[in-house]
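Asker: So the chains spell out like this:
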Amino acid sequence: MASKGTSLRKYALVRLALVLPMVFVLLTMVFLLMRVAPGDPISASLGGHAPQSQIDEIKAELGYDEPIWKQYVQYLGQIARGNLGTTVTDRRPVTDIVRDNGAATLELTFYAMIVALIVGVTFGLLAGRYRDTWIDGTGRLFGIVIYAMPVFFLGLMAQLFFGSYLGWLPTSDRASPIVQATMETHTGLYTVDSIINRDWPAFTDSVKHLVLPAVTLGLVTAGVFIRLIRVNVIRTMKDDYIEAARARGIDERSVVYQHAFRNALVPVITVVGLTVALLLSGAVLTETTFNWPGLGHTLVMYLQNRDYAAVQGLIVVFALIVVVASLVIDFVNAYIDPRIRY
Amino acid sequence: MAVTSPSETSTQPRRTRMGGVRRAFAPVSEARGMTRTMLWLGAGITLAFALIALLAPVISPYDFDTFEANGKRFPQLAAPSREHLMGTNVQSTDVLSRVIWGTQTELKVVIISLIISIGVGVPLGLFSGYFGGKLDRVLVLIMDALLVFPFLLLAIVIAFLLADKVGQGIFTAAIAITVVYIPLYFRVVRNHTISIREEPFVEAARALGARPLTIIRKYVFFNVVQNVPPLATLNAADAILTLAALGFLGYGIQPTEGAEWGYDVNRAVSDASTGIWWTGLFPGLAIVLLVVGLTLLGEGLSETINPVLRKRPVAPVDLEASHPLKVEDE
Numbered sequence: 001m002a003s004k005g006t007s008l009r010k011y012a013l014v015r016l017a018l019v020l021p022m023v024f025v026l027l028t029m030v031f032l033l034m035r036v037a038p039g040d041p042i043s044a045s046l047g048g049h050a051p052q053s054q055i056d057e058i059k060a061e062l063g064y065d066e067p068i069w070k071q072y073v074q075y076l077g078q079i080a081r082g083n084l085g086t087t088v089t090d091r092r093p094v095t096d097i098v099r100d101n102g103a104a105t106l107e108l109t110f111y112a113m114i115v116a117l118i119v120g121v122t123f124g125l126l127a128g129r130y131r132d133t134w135i136d137g138t139g140r141l142f143g144i145v146i147y148a149m150p151v152f153f154l155g156l157m158a159q160l161f162f163g164s165y166l167g168w169l170p171t172s173d174r175a176s177p178i179v180q181a182t183m184e185t186h187t188g189l190y191t192v193d194s195i196i197n198r199d200w201p202a203f204t205d206s207v208k209h210l211v212l213p214a215v216t217l218g219l220v221t222a223g224v225f226i227r228l229i230r231v232n233v234i235r236t237m238k239d240d241y242i243e244a245a246r247a248r249g250i251d252e253r254s255v256v257y258q259h260a261f262r263n264a265l266v267p268v269i270t271v272v273g274l275t276v277a278l279l280l281s282g283a284v285l286t287e288t289t290f291n292w293p294g295l296g297h298t299l300v301m302y303l304q305n306r307d308y309a310a311v312q313g314l315i316v317v318f319a320l321i322v323v324v325a326s327l328v329i330d331f332v333n334a335y336i337d338p339r340i341r342y
Numbered sequence: 001m002a003v004t005s006p007s008e009t010s011t012q013p014r015r016t017r018m019g020g021v022r023r024a025f026a027p028v029s030e031a032r033g034m035t036r037t038m039l040w041l042g043a044g045i046t047l048a049f050a051l052i053a054l055l056a057p058v059i060s061p062y063d064f065d066t067f068e069a070n071g072k073r074f075p076q077l078a079a080p081s082r083e084h085l086m087g088t089n090v091q092s093t094d095v096l097s098r099v100i101w102g103t104q105t106e107l108k109v110v111i112i113s114l115i116i117s118i119g120v121g122v123p124l125g126l127f128s129g130y131f132g133g134k135l136d137r138v139l140v141l142i143m144d145a146l147l148v149f150p151f152l153l154l155a156i157v158i159a160f161l162l163a164d165k166v167g168q169g170i171f172t173a174a175i176a177i178t179v180v181y182i183p184l185y186f187r188v189v190r191n192h193t194i195s196i197r198e199e200p201f202v203e204a205a206r207a208l209g210a211r212p213l214t215i216i217r218k219y220v221f222f223n224v225v226q227n228v229p230p231l232a233t234l235n236a237a238d239a240i241l242t243l244a245a246l247g248f249l250g251y252g253i254q255p256t257e258g259a260e261w262g263y264d265v266n267r268a269v270s271d272a273s274t275g276i277w278w279t280g281l282f283p284g285l286a287i288v289l290l291v292v293g294l295t296l297l298g299e300g301l302s303e304t305i306n307p308v309l310r311k312r313p314v315a316p317v318d319l320e321a322s323h324p325l326k327v328e329d330e
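These protein sequences, in sequence, are chains D and W. No gaps in the numbering here: position 57 of the first sequence is 57 in this note's numbering, and each next residue is one more. No gaps in the numbering here: position 222 of the second sequence is 222 in this note's numbering, and each next residue is one more.
Treat the hints as calculated values from the structure; they're not laboratory data. What you are looking at is a predicted structure, and each value in this text was computed from that prediction instead of being measured. Here a beta-carbon is modelled for each residue, glycine too, at the ideal position from N, C-alpha and C. Hints may contain errors.
[Stated by the list, open to error] Just the calculated beta-carbon pair ranges, DEER-fashion:
{"no.": "1", "chain 1": "D", "residue 1": "A12", "chain 2": "W", "residue 2": "I142", "range": "19 to 29 Å"}
{"no.": "2", "chain 1": "D", "residue 1": "T185", "chain 2": "W", "residue 2": "P57", "range": "53 to 63 Å"}
{"no.": "3", "chain 1": "D", "residue 1": "I135", "chain 2": "W", "residue 2": "T274", "range": "33 to 43 Å"}
{"no.": "4", "chain 1": "D", "residue 1": "V266", "chain 2": "W", "residue 2": "L141", "range": "24 to 34 Å"}
Please take these sequences and the hints and turn them into a complete structure.
Answerer: Here it is, written out as C-alpha cells:
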C-alpha cells in the first residue's frame, strides 16, 4: 500500500507540473486574443459614444493605459492571486459572477452529465454487444441523430412540446419567482438547498424547472458516450482474454457482462473528463435557450455588451474548469489503473 | 521500394501518381453491410443538400429576405399553407426560401473553413511530426492548449473579435470555425507522421539519400492522408453545428447577408411560447438532416478505412508485400 501511495503522489506531482505550462499558454493566448487584437475595448464597451475624458479615466482605472507587456505581467499576477478582473460595463468582479452564477451552471451540467451517462452507457453497451443487429442499428441511429441535433434546437422542440403544447413543464428560469425570492441559499444548488431547507414545494418546483434543460443537454452529450462505448465494446470483444474466457468454457453471458463490459467501461472515466468541455459549450447554448442564469448565459450577455474584460475573465474561468477537470480525471485514472502511474 | 498501404494487401501496389489516392480509397468499394448503407445514405443526403445549394436560385420560391410579392406584404407568422409551404416568420419572410438559401450559406462556410483548416493543419502536422525538435514542441503545446478550450467558446471569441474588426460575414464565420479544427488535423497528422517516420520504407528512402521534402511528399503524405477524408467529413458535420451555434448566439452571418439556420432557430425561440412551431422546426430539421448525412458519410468512411473497426476476414500475411503498421489509438 505504501508503494501505491508514493507512486500516486509522484504521478500527481509530475502531472501538476505539466499542467502549469498548459495553463500559462492558455492564459497567454486569451490575453493575446483579447488585448493585443487591434481596437479599443473600452470605447467598444461604452458603445463608442463616450467622451474621451471618460474613456481615459476608465482606462487608467483598469490599467489599460500601461504598455502591453506591463499589462500582461499584471494580468498574470492578478490571476495568480485569484483575481479575474472586473467587468467594464457594470464593474462587477468576475469572481463575484462565478460565485453568483456558477452554481446554476454546476447544477445544470451535473444533472445533464447523469442523464448523458445513463443514456450513453445503456445504448452504447447494447449497440456494441449486439453489433450489426437492429439493436445496434437503432442505437447508432439514435446516437447519430442526437449528435446531429443542435442542443438549442432540441431545447426549442422540448419547449414547444412539453411547455406550450402539453403545458407540463416550465421552459425558462431555475425556479418560479417566488421560490427564487424566498429560497434560503446554502450551496446555490436549488435542488440541494431546498432539501436542506426541507422545503418540498420548492424542491418540486426547481426539479420541474431543471428537467427540460438538463435532459436536453444530457441527451446531446450522450451521443459521444454511445459512439465511444460501442467502439470500446467491439474492440474489447476482439481481445485475447475474451477468447481465453470463452475457451475456458465460461458461458457467454458472463463473458460479456463480467469480462467485456467492465473493461469497456473503464475509458468512460476519461471520456467524462473530455466531455466537460463539450458540456460547457452546450451549457452556453442551453442556458441561452432556457434563460438559465448560469455562466454561459452571463457570458452571452457580456458579449452582447462588448465587455472585453468580462469576456476575458469568463473565458479564463471556462478554460480553468476544463484544465482542472482533466487533471482530476487523470488522477482518478491513475488511481484505478496502476499502469498509468509508472 | 514497394510502398504498401496498410489498408489493403491483396492488390499490387501501383506506382502511378494517383495510385496512392486509389489505394487509400480501395476499402470504400469493399465496404459491406451496414457500413455500406451508411456510406451511401450519407453520400446521398450530402449530395442532395449540395444540389439544393447550387440550385437555390431556381428552386427557391422567393429570395431569403423577400417579405412581399406583387406589392403585397406577406402575412406575419402565417402557418404553413399553399402559398407558403413552411409558413412565414415574424419578419414576414417565407420560411421555405430561408431554409433553401440557408443551405447555400452553411455549405459555403463549411467548405471555406475545411479548405483553410486542412490547408494549414495537414502541412503543419506533416512537418512538425517529421522534423520534430523545438518547433514541434512549441506547436504541440499551442495546439493542445487550443484543444483544451471548449471549442464553441473559442469560435465565439474569435467571431466576437472579428465582428468588431472586420464585420460579420461568411469569412468571419469560416475563420472562427477554422481555428477550432486546425488543431485536430494537426494532431492526427502529426501523430501518424511520427509513426510512419520510423517505418522501414522511410528509413530506406532516407538511406538512399532522398531529401526530406521528397520523403514527406512521396512516402509519408499518402500514408497519412487517408486519415483526412473521414475526419474532414465528420468535421464538416461538426462545423455545421458550430456555425448554427454561432448563428444562434448572434455571431454567425449578418441577417442582411444571407439566411442562416441557427439564426432562424434563435428567432423562433420567442415564438415557441405562443405555440408557433414552423419558424423553428424547419431550419432546425435542415441542420439535423445535413449533419446526419455528413456524419453517416464520415462514420462510414472511417469504418471502411480504420483497420481496427473494419470488419473483414484477416488477409493472409504476405511478408514480402506487407509490413505491420502500428495501429493508432483513436
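Asker: With reference to the structure, classify each hint as holding or not holding.
Answerer: Going down the list of hints, with the structure as the test:
| no. | hint | in the structure |
| --- | --- | --- |
| 1 | A12(D) - I142(W): 19 to 29 Å | holds, 26 Å |
| 2 | T185(D) - P57(W): 53 to 63 Å | holds, 57 Å |
| 3 | I135(D) - T274(W): 33 to 43 Å | holds, 40 Å |
| 4 | V266(D) - L141(W): 24 to 34 Å | holds, 28 Å |
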